[in-house]
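Q: Sequence:
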Amino acid sequence: MDNSDPNLTLHYDAPAASWSEALPVGNGRLGGMVYGRTSTELLQLNEDSVWYGGPQDRTPRDAHRHLDTLRQLIRDEKHAAAEALVREAFFATPASMRHSEPLGNCTLEFGHEAQDVTGYRRSLDLATAQATVEYQCRGVSYRRETIASFPDNVVALRFSASEPTRFVVRLNRVSEIEWETNEFLDSIQAANGRIVLNATPGGKNSNPLSLVLGISCDANDEGGSIEAVGNALVVKAFSCTIAIAAHTTYRKADPEAAARQDVDKALKRSWHELVLRQRTDYASLFQRSSLRMWPAAHDLPTNERIGKNRDPGLVALYYNYGRYLLISSSRDSDKALPATLQGIWNPSFAPPWGCKYTININLQMNYWLAAPCNLVDCALPMLGLVERMAVRGAKTARTMYDCGGWCAHHNTDIWADTDPQDRWMPSTIWPLGGVWLCIDVLGMLLYQYDRKLHERAAVLLEGCIVFLLDFLIPSACGKFLVTNPSLSPENTFVSKSGDTGILCEGSAIDTTIIRIAFEKFLWSTAILDKGNPLVPKVRDAMARLPNLTINNDGLIQEWGLKDYKEHEPGHRHVSHLFGLYPGESISPVTSPELAAAAKKVLDRRAAHGDAWSIGELRGVRVKGGWLFFAYLHWPSRTLSRKQRPLGNPFSQHDDVRIIVSISNILSLPFRKSNHISLSAAIRQYINTKYDQHPDMFRQDLETIDSLRRNAVNVRDPHPSGIKELQTYAGQLMWIGGKFPIDIGAEFTWYPALGYNTERPVVRNNLKYELLNILYNLAALYSQLAVAQTNSGPEGVKKAVPYFNLAAGVLSYMQKEVLPELRMSDPPEDMDTHTLEALIQLLLAQSQECFWKKAVMDGTYKDAIIARLAARVSDLYSTAGDAAMKSEAISSSWIHHMSAKHHHFAGAAQYRAACDCLEKKKYGEEVARLTDAVQCVTEGLKEARGGYVSKTIIEDLNGLKRKVEEDLKRAEKDNDLIYMDPVPPKPELKLLDRADMAKMTVPPQVANPFDYFGDQAEFGPALFSKLVPFAVHAAITIYEQRRDRLVNQNIIQNLEDLTERLHTMLSSINLPGSLQALEKPLGLPPSLVQHAEEIRQADAIGRIQRAFSDIDKLRSADIAVFDEGKFMLAAEEEEDARRRAKFGTDRWTRPDSRSDPRGAQLWAQVAEIDGYFASSTSSDEVVRDKFGQTQDLLELLSASDRVLMDYVPSSRRMDIAEPLKPVIGRLRGAYNDVLRLESRRRKKVEALRDKCKISQEQRSALANINKEQPRLTVITNIDD
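Residue numbers (the UniProt record's numbering): 1 to 1279.
Since the hints were made in silico from the structure, they are not lab data.
Only a predicted model underlies this, so the values are computations on that prediction, with no experimental measurement involved.
Keep in mind that a hint or two might mislead.
Claimed, not checked - Within a straight-line C-alpha distance of at most 30 Å, the following computed BS3-like cross-link-like pairs (lysine-lysine) qualify:
(1) Lys998 with Lys723
(2) Lys565 with Lys78
(3) Lys797 with Lys852
Claimed, not checked - What follows is a set of in silico ranges between Cβ atoms, one per label pair, in the way DEER data are often shown:
(4) Ala114 with Thr1148: 34 to 42 Å
(5) Glu1237 with Arg1102: 27 to 35 Å
(6) Pro94 with Gly139: 57 to 65 Å
(7) Glu820 with Asp1014: 23 to 31 Å
(8) Pro295 with Glu887: 52 to 60 Å
(9) Tyr1011 with Pro793: 46 to 54 Å
(10) Pro295 with Gly139: 35 to 43 Å
(11) Thr1148 with Pro984: 17 to 25 Å
(12) Asp186 with His718: 48 to 56 Å
(13) Glu918 with Leu976: 15 to 23 Å
(14) Lys962 with Thr181: 48 to 56 Å
Glycine residues also receive a C-beta, built at the ideal position from the N, C-alpha and C atoms.
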């Protein structure tokens, strides 16, 4: 019987499906996540000193000599230059501190399959810190209880059953991907009821670990036995106790001996004694405070309660759960370590943010509840870490800033590293992390004063004060003292110039923290050291700190003395409200103006932000009745995929992979952009290109920037973002008719897919901007669809149009926008192959929703469901084929598509088999079930390497089990009863397809101009009174078409006639023959001209050199070609040799001439052979022609004297009288030809002049088009 207090119990009716749903236990140093599985139980284990690598020396040695330059650049608002200098001189190398690693996994293999289990319950009793699993399987009752004992230094598990049970216990150290095969350990040995695992975490000088597990059967279990088999323990017992201990060299010189000793001591005690000692110790902390609220729906499973009910009792459960986690992850002991980002629980070898200590809010948040909950003892590990940080931080302060005292940046690790972490500008260079920790420790004394604790903390705070007094510098006006460099952690501003920036002077959080630190120091010295020489300096400095400022928008000014605008109005951090919480300087009573401004900041964050920022506001309170309680009372739309309570009261962030449940449906991530002032580029273009003044369009210029800002800030899956994106996209399409594509705005966008997501792509291209906005619209539709898929049949139904719209938008991008992009290198995650893959993926998921809805309804026939599933399989296959050609689609997505393709192929065959059973086609039923098993098996192969989500693997395994069961039954029935012939697979009729998914282009995208108007959805079209760029384009197009018409249809014909005339005259040697008769002295001028041209061009030399170059190129090409042929032949020979050696049964690889790709290569070989033969023949023809004319070319290349000797006598000839009139007529005809050619030339010039458009005509056309807002100009016209 369960005697736990229901108000202090988390309970569930199913095992944990993922790490984030498991239940945590811990003794402050050693902990585990209990999954509660019935087939193979999993305890994921952690020990707080298991970290990658040892201490590092990372301090930037050149920072100080560049500090003055950096400060001046920040003061001069040269943001890009300042950030470039920080990257060069202030970032540490290596960039990252050490990170946490998991201890290992313990599995208990029972083989109790889910279909055989009844009465399942999994619970965590916060009052006793015990996790319990209970169920029945095949008539036997089972119970497992797990505790983490501080006094006995072990995680202990009690197993009991109503009948003797055999199960296998194993230890291992693998990643959180359960089907991953890599093991991160040195050795595992099992003997004498113990398993010992030794491992060395990665990195130099890391702490070697030893994990020891021991089992003892109860004394009254006479038949109980424990046997070592391999490196596992096989247990046969009614009941037994399992003890797990672990140590590293961080605390113990011989960790294995220490862990063995802990296990041995624990197993010498009875389970009752272990539990009593653990509960007594735990209760001494947990019972120091309590909270109960009514009503409390504790009868509901906790996951349902969080998702649907949210009763007041849940608030109390959160409160008590927070205390439980703190006690379980942070206890005062030998070389104690504080709770990391994830307490002590971490399954990953590459955890988010390294599972370190982030000290720009996160570590502080872990301990905010310590003093109010009377758990200051649990904060002592944090104080111990800060004491070690002060030693390391003295070097950091002196080397980087030439300051006394000590400082720490925004992270630290097990080795108390204080140097800059990461290379991320919005957080890395912020040296006030240590100060914040110190003031929080001093603040705890107000709840529970302890002089020894005060003395320890006072020393640390004084070191921070010394640093601050050295680090503060006069402001530009000389009136204030400010920090420089400074920032508002993780946030970015927009300066008045429109540039984005991060670094500033004297941010609001810096000034607030420093003021509190000074106040705490004065309070501390008044108690401990009234004569401290720093007191006067602190009083003077505090008087010169600037006060918080309220800007013109009524908001607290975040970046100090400069009124910068927020780049991201919904940013998750509210650092400038430090005085509101955890500070107390902002209050409706003592500072009502600041309180009102703070409330306005919170309202603005709520209106624009995501719910991760809510987690930072969950403790915010102000005297006078304000209360912000994130989980229960925040608008529901903010509880998006980025942060929401999970099945247990953990919360998640979109970057925290280990806490996010992995879906079997994919959504497109958003592309991100930097701020840019599009209005500035448009203003400049109007000013330089048009005769209208930009101030005429002031309102339009402001509107276009506002539309862009709203559109690029759409980052949450909420329907409100659709209009923001559609409106801006529509206006971009509209102004595309007003301005050229390269208007002068450098649009910066970061890829959303692929391996270069941190590398921005910058283009001066309006179509590029439109492409990105439309992509984000498609991403938003896809995320809205995924959000709907988890809300039952109606949600699945609602997801379909969203998927179809997403596919439609991508299709529009592919067909309408991408061809007009005019970029030789479009972004790799938006090229044709990637877009095609994404379109097919979205359609597949839409079709999958139809299938899922049909299955859920339970009214559709198997044949219909089979047709739906078959089409799903086709679409996933098409998506995967296109993804293989993309440079941006990741391997995990490709494996996902392939696995789903095989899954639904198997599902289709399974449903078709069910239809066959109904129609008594027993042989075909067996054939289709056999094919279904093969399909599912192929799908499971995609799981190798850990690329496919656990959800899909579970779906495949579930389908496989069902199909194999039915196949076994069907084969038996057919063999014994029906004896229906089983057709081979090729003879099975191909399943019909039911194609339900249809891409839908939103009308607002396909026809955006229909949505413009004063009262229309998009509002009035911008710049409608501006002379359209289309006018200029139209004139240019007219001139191009006119010139093409005149040149091709008239001028070209005339020139062709003239050329034909010259050819005919040349063929009868005119005018050379006439000149020879009329001017017989010397060579004919035309002959002299041709000879000179040949000599000047070195014709014969050039031809001979060309022949030589051709020979060299042919030789080089043939060598490369022969090498390729040799490789193909060698491959063919090796393939034949292996086929002969292994036989066709074992060597199943097709030969290269039969394989499609190999056959293509051999075909290309034959084709290239033909090219070489043809080119050789052509070269010979050319050489023959040259040989035939070489003598004449050499003669023409010679001197005029040689030519004269060759030409017949040039003496005047006696012309017969009858020929003289003929020669005269010939001369007259030739002169007529010359006059005709001259008239033609003049006609062409006159035609060209008449076709030119006048300036008056240009102005008239422009005036007409000012009143034509819907003018559409086709800029690519073919005659």
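Q: For each hint, tell me whether it holds in the structure or not.
A: Quick rundown of the hints versus the structure:
1. Taken as a hint, the Lys998 and Lys723 pair is honoured in the structure, with Cα atoms around 22 Å apart against an allowance of 30 Å.
2. With a C-alpha separation of about 16 Å, the suggested pairing of Lys565 with Lys78 holds against the 30 Å cut-off.
3. For the hint linking Lys797 to Lys852, the alpha-carbon distance of about 9 Å falls within 30 Å, and the restraint holds.
4. The beta-carbon spacing between Ala114 and Thr1148, approximately 38 Å, falls within the hinted interval of 34 to 42 Å.
5. Separated by about 32 Å at the C-beta atoms, Glu1237 and Arg1102 satisfy the suggested range of 27 to 35 Å.
6. The hint said 57 to 65 Å for the Cβ distance between Pro94 and Gly139, and at roughly 59 Å that hint holds.
7. The beta-carbon spacing between Glu820 and Asp1014, approximately 29 Å, falls within the hinted interval of 23 to 31 Å.
8. Between Pro295 and Glu887 the Cβ separation comes to about 56 Å, which falls inside the hinted range of 52 to 60 Å.
9. Our hint of 46 to 54 Å for Tyr1011 and Pro793 is violated, since their Cβ atoms are close to 33 Å apart.
10. Pro295 and Gly139 have their C-beta atoms about 38 Å apart, which keeps the hinted 35 to 43 Å range intact.
11. The beta-carbon spacing between Thr1148 and Pro984, approximately 19 Å, falls within the hinted interval of 17 to 25 Å.
12. The hinted range of 48 to 56 Å is satisfied by Asp186 and His718, whose Cβ atoms lie roughly 50 Å apart.
13. About 20 Å separates the C-beta atoms of Glu918 and Leu976, a value consistent with the hinted range of 15 to 23 Å.
14. For Lys962 and Thr181, the hinted distance range of 48 to 56 Å is not satisfied, since their beta carbons lie about 27 Å from each other.
Checked against the numbered hints above, the structure breaks hints 9, 14 and satisfies the rest.
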